[in-house]
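J.: Chains as they are written, first to last, in the numbering used here: chain A, 2 to 241; chain B, 11 to 377; chain C, 2 to 291.
Read the hints as simulated data drawn from the structure, not as lab findings.
Be aware that one or more of the hints could be misleading.
Covered by chain C, per the in silico footprint, the following chain B stretches (three or more residues, Cβ under 8 Å) [as the list claims (entries may be wrong)]: (1) 155-169; (2) 271-280.
So the derived list for chain C, only partly shown, Cβ under 8 Å to chain B, looks like this [stated by the list, open to error]: (3) I39; (4) T163; (5) I166; (6) R169.
Quick list of in silico lysine to any residue cross-link-like pairs, SDA-like style, CA-CA up to 20 Å [stated by the list, open to error]: (7) K60(A) - N39(A); (8) K48(A) - R151(B); (9) K371(B) - E136(A); (10) K18(A) - Q55(A); (11) K129(A) - K371(B); (12) K48(A) - I232(A); (13) K18(A) - N210(A); (14) K78(A) - W48(B); (15) K205(A) - H194(A); (16) K205(A) - N24(A); (17) K371(B) - G131(A); (18) K48(A) - G37(B); (19) K78(A) - G37(B); (20) K78(A) - L51(A); (21) K129(A) - E141(A); (22) K371(B) - E132(A); (23) K78(A) - P250(B); (24) K129(A) - G37(B); (25) K60(A) - Q86(A); (26) K48(A) - D161(A); (27) K18(A) - I232(A); (28) K48(A) - S92(A); (29) K78(A) - F239(B); (30) K78(A) - R238(B); (31) K18(A) - M2(A); (32) K48(A) - K129(A); (33) K48(A) - H251(B); (34) K179(C) - F164(C).
Predicted model only: the values in this text are computed from it and were never measured.
Virtual Cβ for every residue (Gly too), placed ideally from N, Cα, C.
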Amino acid sequence: MTLLQTENLYKHFDGVKVAQDVNFSMEPGEIRCLIGPNGAGKSTFFKLVLGEHQPSAGKIYFSDQEITQLRSFERVKQGIAVKFQVPGIFSELPVWQNMQIAVQNHLHGDSMTAAIDKALAFVRLTDKAGELAGELSHGEQQWLEIGMAVSTEPSLLLLDEPTAGMTPDETARTGEMIKALNREGMSILAVEHDMEFVRQIAHKVTVLNFGEIFAEGTINEIEANEEVARIYLGTADDDE
Amino acid sequence: MGSLQRQGSNTARSASRMPHWMRLVNGPQTLGHGPIFWVGFALAIGAAVVYPAFADAWSVGNTAYFLCWVFMALGLSLIWGYTGALSFGQTAFFGLAGYTYGVVTINFGAAYGMTLVGLLIGVGISCLGAALLGYMLFYGRISGVFLGIVTLSTTLVFATFMAQTAGSQWAIGDARLGGDNGMTGMPPLTIPWVGGDIALYSGVPLYYLLLAMLVLCYLGLRVLVNSRFGNVLVAIRENPHRAEMLGYDIRRYQLIAFVIGSGLAGLSGVLYTAWGQYISPSNMNLAAAALPIIWVAVGGRKDLTATLVGTLVVLGIFQNLTIYGSYYAFVIMGLLLVVVVVYLPEGLIPGLVRLVSRLRKRKEGLS
Amino acid sequence: MEYIHFAFTAFYQFGDAFAFLVLSAMGLAVIFGMMGIINLAHGEFIMCGAYVTVATARMGVPLPIAMLCGSLAAGMLGIVLERTIIHRLYHRPLDSIVATWGISLILTQGTLIVLGSSMAGISTPLGSFSVGNYSYSTYRMVLLGVAVLVLIGLYLLFHHTTFGIHSRATIQAPHMAKAVGIDTGRMYSLTFGLGAALAGLAGALYAPTISIVPTLGANFLVESFVTVVVGGADVFLGTAPAAATLAVIKAFLTGWQGQLMGQVGLLITVMVVIRILPQGLSGWLLKGRT
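All chains should be built: construct the whole structure from the sequences, respecting the hints.
T.: Below is the structure:
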């Protein structure tokens, strides 16, 4: 069984090709990192998987079921969860309620309370349960969102730059969280720029460039690949 | 301690020790909880119950008139305050239900509880209208500004339509729509009773009926917004994208909230029409449509209690101002709205609560 | 000959509807496109333009100049309101809409208090012309010409003047614009004033054709809202094509079933259009360019 698979996936925006014949697949239990220069199509790929964009052509399978036509919330119910790059939390609500909104969709009563407490403990926010989510530090907001995503009990967790803006200490802690989740059986697909962090967590790395899968392999293979180094150097100046 | 502070998580968790019914009406989505608040609530109801004994008939009838409007305000608080959907068209549903009540009761009379049937049909039709419009809007992914102007446009067109129904060809059965002059001659709410129907003309019995309905509606909405459903509504208000990515079909939640809120606007419309035996397009036009927005914004749209209190207070002020002419009243209402939006966007009551709790914190910090 | 009559009548009705939609929506669209604010006091700027035009014209000022006065007065009112109220709400666009509704109430009801429930109007100038056996209002055709001129003028203003370049920079990247020394606050102020002046112009131009009452702005609201919703945020790629499309529907339905059905038709069109094109026409025409 493959967990996530895309088949000849294409996406065009008025002639601009942001995904081109992407044949991606990952196995259950994997931690995969998605890297590539800016504009390589990483976030488009996420949006295609999440159903925020419809592909121009191609199919997407999740746990061997086709999900191409499903709406975003239906995909979430199938077991895909996401943590956005900019923390997507409910800032005006207390931390506890943020977590409750994530959990109440599938759990009720005491088991819901237990799941919330467990998730809060996991992301180390038990002491801050009563604070408004918007008043947490940047790192804590990222963790809260990871906690919310995780507590929907997904089999695949998508992380869009989970360590962006974090201190080295926070980054290390986030890496531990990801590994702990993986040990419990959750598969993780992360977009990440920090190669040090990628080395820390990834089983396998996929490189995207101009909407195409450019290379795939272990971190060592990728780092040894001169072509990959070239696309990074070649396009690094173009964007931003 | 603080009876009006928004409930944080600690209370939310200790809520599991509360009796079940208490947990339903108390929750993170409503200001006001704990013994002091509920004692105050009971006192307020008590005062409202004995009020007719101390007031003249006109005042009681007038208070009943105020109560008619509050349902629409609570409905708007649900749609705008809790769900974050800008609906400027609540008076369309108010009018739709009012006219429907008129058509039903003028044609079928008041006997055999027909007015109550008229009430149900009126509210039902406004729910149906809201479901149709809401489906187009929310399932068309319309949000923010556009939602506001499409709902307002719909209301204005509906008001224009009703205004040109003056001719005698514009009648449904015996009910003349009446154009700009509106529809008249419908009976008041009439309760079938052994030994003769009781017609609730503006007076004490009507006042009690409305009071009871309002208390039920208020408590019912508290249950709703503090339920899992209410949790999702505020989640959608705060961050619709995140809510969807937690597995919620946000369009469905928005639509349901819109239908309930518009049904309440319809209820207000029926009650108002039955109270004054009159409904006209001027109950729906641009100025009329602004009023619910003002009540809800001034009190505090994100909270039911604030909306309830704010609406009654603003209605009182408005009526006292109309003594000097309704134009003056509207100007002051406009000013009030601008000032509140600029300086106290959360509304007066949450603003006040925040101020009090800040002062108390400072005091505690000093001692 | 009958075909020519029919064709001309159709053109006349389309032109009339197009002019009305463009002129009533332009001010709203400029403000919305620039600041994302739907100005619910739009109708009151129109009212202001109409009142000032009628008042000055009745004092003996030539009509075109009176209309210019009306437009300028509305523009000035817009700048004053922007400086006193609107500019406090730029970071809260939804609140700013509610605030403009408050302003609308104050202006309408205030006018009722100060100037009473109606004012003597002025007659429609220029008489009529006939094609075959039918006669048509010359002034309506002039309005069509003015609508087209206003569109061209705005195009030149936004694309060929410093003001236009600065304002477009401010729309696209406010922080960047600020960084290169554009006074964005002033740009917003001027744009709001421009939008108000355009609304005032609509009031001024239609003043001879309507009864002068404080609530006259409401007669323009539905059409202007609908045009802006269908058009989206771009004045040239949105408002103008939207007005053209809607004018066909409105002219057809109005000719067939009367003014009200025209409005109902517009409303239904809006709901259908936003269903298929959530970003409006301009979003659709601009798709992928951003």
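J.: Compare the structure with each hint and give your call.
T.: Hint by hint, here is what the structure shows:
1. 155-169: With 10 residues closer than 8 Å to chain C, the region 155-169 of chain B meets the three-residue bar; holds.
2. 271-280: With 0 residues close enough to chain C, the hint is violated.
3. I39: This hint holds: I39(C) lies near chain B, its Cβ roughly 5 Å from the closest one there, short of 8 Å.
4. T163: violated, 29 Å
5. I166: violated, 26 Å
6. R169: R169(C) check fails; min Cβ-Cβ to chain B is 21 Å, beyond 8 Å.
7. K60(A) - N39(A): With a Cα-Cα distance of about 25 Å, the restraint between K60(A) and N39(A) is violated, given a limit of 20 Å.
8. K48(A) - R151(B): Distance ~18 Å between K48(A) and R151(B) Cα, so the pair holds.
9. K371(B) - E136(A): OK: K371(B) and E136(A) at ~17 Å, within 20 Å.
10. K18(A) - Q55(A): Judged against 20 Å, a Cα distance of about 14 Å means the pair holds.
11. K129(A) - K371(B): Holds: K129(A) and K371(B) sit about 19 Å apart, inside 20 Å.
12. K48(A) - I232(A): violated, 23 Å
13. K18(A) - N210(A): holds, 11 Å
14. K78(A) - W48(B): Violated, at about 39 Å.
15. K205(A) - H194(A): holds, 15 Å
16. K205(A) - N24(A): holds, 15 Å
17. K371(B) - G131(A): holds, 16 Å
18. K48(A) - G37(B): It is violated: about 35 Å lies between the C-alpha atoms, which goes past 20 Å.
19. K78(A) - G37(B): violated, 26 Å
20. K78(A) - L51(A): Holds, because 11 Å separates the two Cα atoms, which is no more than 20 Å.
21. K129(A) - E141(A): holds, 10 Å
22. K371(B) - E132(A): holds, 16 Å
23. K78(A) - P250(B): Holds. K78(A) to P250(B) sits at ~16 Å (cutoff 20 Å).
24. K129(A) - G37(B): holds, 18 Å
25. K60(A) - Q86(A): violated, 25 Å
26. K48(A) - D161(A): Distance of about 11 Å is within 20 Å: holds.
27. K18(A) - I232(A): holds, 17 Å
28. K48(A) - S92(A): Since the Cα atoms of K48(A) and S92(A) sit roughly 23 Å apart, the hinted pair is violated (cutoff 20 Å).
29. K78(A) - F239(B): Status holds; Cα separation ~17 Å.
30. K78(A) - R238(B): holds, 17 Å
31. K18(A) - M2(A): violated, 30 Å
32. K48(A) - K129(A): This hinted pair is violated, its Cα atoms lying about 31 Å apart.
33. K48(A) - H251(B): holds, 12 Å
34. K179(C) - F164(C): Holds, at roughly 14 Å.
Checked against the numbered hints given earlier, the structure breaks hints 2, 4, 5, 6, 7, 12, 14, 18, 19, 25, 28, 31 and 32 and satisfies all the rest.
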